[in-house]
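Chain A is already provided as a structure; the job is to place chains B and C on it using the hints.
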Amino acid sequence: MSLMNGKTRRSLGECLEAVHAKTPLIHNITNYVTVNDVANALLACGGSPIMSDEPKDVYEITSICGGLNINIGTLNERSIEAMMIAGARAKELGHVVLLDPVGAGASTLRTTTAQTIVNKIHPDVIRGNISEIKTLAKGSGTTKGVDADAADTVTEDNLDDMVNFVKAFAAKTGSVIAITGAIDLVADENVCYVIRNGRKEMSRITGTGCQLSTVCAAYAVANPDNKVDAVAAAVCLMGLAGEIGWSRMQDGDGNSTYRNRIIDAIFNMDSKTLEAGAKYEIR
Amino acid sequence: MSLMNGKTRRSLGECLEAVHAKTPLIHNITNYVTVNDVANALLACGGSPIMSDEPKDVYEITSICGGLNINIGTLNERSIEAMMIAGARAKELGHVVLLDPVGAGASTLRTTTAQTIVNKIHPDVIRGNISEIKTLAKGSGTTKGVDADAADTVTEDNLDDMVNFVKAFAAKTGSVIAITGAIDLVADENVCYVIRNGRKEMSRITGTGCQLSTVCAAYAVANPDNKVDAVAAAVCLMGLAGEIGWSRMQDGDGNSTYRNRIIDAIFNMDSKTLEAGAKYEIR
Amino acid sequence: MSLMNGKTRRSLGECLEAVHAKTPLIHNITNYVTVNDVANALLACGGSPIMSDEPKDVYEITSICGGLNINIGTLNERSIEAMMIAGARAKELGHVVLLDPVGAGASTLRTTTAQTIVNKIHPDVIRGNISEIKTLAKGSGTTKGVDADAADTVTEDNLDDMVNFVKAFAAKTGSVIAITGAIDLVADENVCYVIRNGRKEMSRITGTGCQLSTVCAAYAVANPDNKVDAVAAAVCLMGLAGEIGWSRMQDGDGNSTYRNRIIDAIFNMDSKTLEAGAKYEIR
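Protein chains in written order, with the numbering used here: chain A, 1 to 283; chain B, 1 to 283; chain C, 1 to 283.
It cannot be assumed that every hint is accurate.
[To be verified] Stretch-level coverage of chain C by chain A, calculated; a stretch enters the list once three of its residues show a Cβ under 8 Å from a Cβ in chain A:
| hint | region |
| --- | --- |
| 1 | 44–58 |
| 2 | 119–132 |
| 3 | 266–278 |
[Unchecked claim] Computed far set for chain A versus chain B, every beta-carbon distance over 12 Å:
| hint | residue |
| --- | --- |
| 4 | Thr8 |
| 5 | Lys22 |
| 6 | Glu60 |
| 7 | Arg196 |
| 8 | Ser247 |
| 9 | Asp251 |
| 10 | Asp264 |
| 11 | Tyr280 |
[Claimed, not checked] Estimated spans, in silico, between C-beta atoms of each pair:
| hint | chain 1 | residue 1 | chain 2 | residue 2 | range |
| --- | --- | --- | --- | --- | --- |
| 12 | A | Lys7 | B | Glu77 | 42 to 50 Å |
| 13 | C | Ser203 | A | Lys279 | 58 to 66 Å |
| 14 | C | Ser131 | B | Gln250 | 36 to 44 Å |
| 15 | B | Lys272 | A | Met249 | 34 to 42 Å |
| 16 | B | Ala182 | A | Lys279 | 36 to 44 Å |
Hints are computed from structural coordinates only; laboratory data are not their basis.
Idealized CB from N, CA, C, for every residue including glycine.
This is chain A alone, in the form it adopts within the complex (with noise of 0.2 Å):
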């Protein structure tokens, strides 16, 4: 543990520790295309998955959890209200809850659901791409100016700019936001973790963003004290874990057999393995 910003950070290390150690139990609202690989990276990281999506269901099931991961991917008149009643139970309970804002920006439906979830539910960690980031910071009227500076990819070159950004967005919201893409950005108010893991092949696998989402839920439930750290974790782990898939793969495989090595790299990852492959600076 170090101290930054007056705050004891965990490392990497003791985050996914801590996930081992108390096999957290999620509550998954989450999209039908890739909610088995979504279930299986959640065991394969030390967690434990329930899915449950019917309004009359998730108020009772959302409780015997301890957090909720709520996926807008494919999301229908009866899921977002479900997402509604599991999100206000959560929080009442003093669970983590995360939002993945599936496409938010692509249609006025999924835009008008993650803003509300946003604004209503006050998600503990908003875990999407760039452009669903934005879209959500633009819709809340303020940081436009800092939008408007950021391009659409997190690149060197406006690294500081967007490093600025999510900061900007971690303290309007309270929430830890987590970018993803060839550079990942994990922020507070206070502090961004800027982390250079992963593989531009694992875009070719569908749900790779689902899975990380699910597993960042666990890693904050299991530290709920450093939530920054734990989803930084995360992040470090699943691109490690596409790094690690990658350099098993043999003549002739391809995303199907990848995506299975990355869900495999997971399940066999250590606190020692992840230390020494993250590569991160913070901010």
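Just chains B and C now, kept in the frame of chain A:
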């Protein structure tokens, strides 16, 4: 074949051969988390899958099948209606109906739905973990005594009590009851198979229970006069596939690859391998 | 390129190169059984997936895509409404629309829905098995004669009749028609590709047909002036991937591993391999 309690027993291998010979077509109303693995496991064992959960579609779909597998893992109001319509129709036609009461006990909706299916549809087979089956038994009001004496897991120490409990619940419901866990129990009112196949690592994969349920349905459909033997054969098959799959794991493999290797082992199973690898006693 | 019936034909390899160059974005309204494999197969072939089946979401989502893949495998009242909205919007924008009429003929709801989509949306491509396509052709009332003479599978013996049938149905609907099975037929009103790639073991995996449909959509989007050639290229690609995937199977592998190897083979396919491995004649 051998005689037991005045009834001819069908061997595990004979049960498997019947599935391979008949290719049972199973209508699955199941959760969207594990549905793809359910379909592939059913194909692997020699059956054939159809999925439908729309109330206006299920009456006709279940009519052309040989059996119905109802799994409440991600139930919703629409699919519950479909379960009742399909269940009633399947019974009317004399089809095998199996209930997998996923999460019974975890929410009122799940408990109530599972109990309603037990009471109104009278499934031929009920397969769940010990908590789910105990929830159903408690709800019925008359097996509390047995249940109160039974611990929360099936162990060598409480095995006699659990065997009595499962036989009593089978007698009460008229269903074949399968309780799966470290030790599996498959019983009707007269006999109880105590099965010790499988590996603990199977719990790190989502959906091995869901896969087993549809395989049990296929086995019961193909062996209509020997349902308890058939379900026991399916439970041994799944556990043995877990053992064979694990034996093929290589350095760096994890739960995602293990998932594939288990289904592969189901695909390659023959009656000789099943008979040689099954570990069970009959009480 | 070569001239056929006065029209310039585009080679299979050219069709593949166009997909790789354009990364077609496909909106999929598809079943929840095989949706993950559909997304990964589409990514493997060089396309990009979006899934949405909420009536309030699909108008905008399909507007930002290049094509729409409608699969009725687990249709429900909500998703049927979404199919009609998205289909109408996609046609309005001149997007490619593909219909996969899963289970047409097996229930009234499926048959009626598929026929309504054919009659009202006029899909650019219809891909199904022989039973599904014959159901659609019968329903139209005028191809009964052809259908009555055609057997239930495409064989070398009835090939002439089947080629005439599929060309006639293509002429009637104005759609490219793909009938897949042991022998595949891809036709418009003028030409019919007779394709002999693939392996019988592909039927032991769930969803190879669903995967093929989204790949056909991507190929048609990327080759808008040569849709029949493009769909034929996609069908050859899938069959050849099945052959290549099977050649990589090892002792103990089964249908789950085969699923991965087929998608991997799609991922690694290049135009030279496709041209060398495709087995087809044009009638």
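Tested hints:
Three residues within the 8 Å Cβ limit are the bar, and the region 44–58 of chain C against chain A gives 9, so the coverage statement holds. Using a Cβ-Cβ cut-off of 8 Å, 0 residues of the region 119–132 of chain C lie near chain A, which falls short of the minimum of three, so the contact claim is violated. With a threshold of 8 Å between beta carbons, the proposed coverage of the region 266–278 of chain C by chain A holds, since 3 of its residues qualify and at least three are required. Look at Thr8/A: its CB is around 32 Å from the nearest CB on chain B, clear of 12 Å, so calling it non-interface holds up.
No Cβ of chain B comes within 12 Å of the Cβ of Lys22/A; the nearest lies about 16 Å off, and the non-interface call holds. Distance to chain B contradicts Glu60/A as a non-interface residue, since its nearest Cβ pair spans about 4 Å, not more than 12 Å. No beta-carbon of chain B comes within 12 Å of the beta-carbon of Arg196/A; the shortest separation is about 23 Å. The claim that Ser247/A lies off the interface is violated: its Cβ sits roughly 9 Å from the closest Cβ of chain B, which falls inside the 12 Å cut-off.
With a least beta-carbon separation of about 16 Å from chain B, Asp251/A lies farther than 12 Å from that chain, consistent with its non-interface assignment. With a least beta-carbon separation of about 3 Å from chain B, Asp264/A fails to lie farther than 12 Å from that chain, contradicting its non-interface assignment. The claim that Tyr280/A lies off the interface holds: its Cβ sits roughly 24 Å from the closest Cβ of chain B, which is beyond the 12 Å cut-off. The hint said 42 to 50 Å for the Cβ distance between Lys7/A and Glu77/B, and at roughly 46 Å that hint holds.
Under the hint 58 to 66 Å, the C-beta atoms of Ser203/C and Lys279/A, about 45 Å apart, miss the expected range. As the Cβ distance of Ser131/C to Gln250/B is approximately 42 Å, the hint placing it in 36 to 44 Å holds. Between Lys272/B and Met249/A the beta carbon distance is about 36 Å. The supplied range of 34 to 42 Å therefore holds. For Ala182/B paired with Lys279/A, a C-beta distance near 41 Å keeps the hint of 36 to 44 Å intact.
The structure shown violates the earlier hints numbered 2, 6, 8, 10 and 13.
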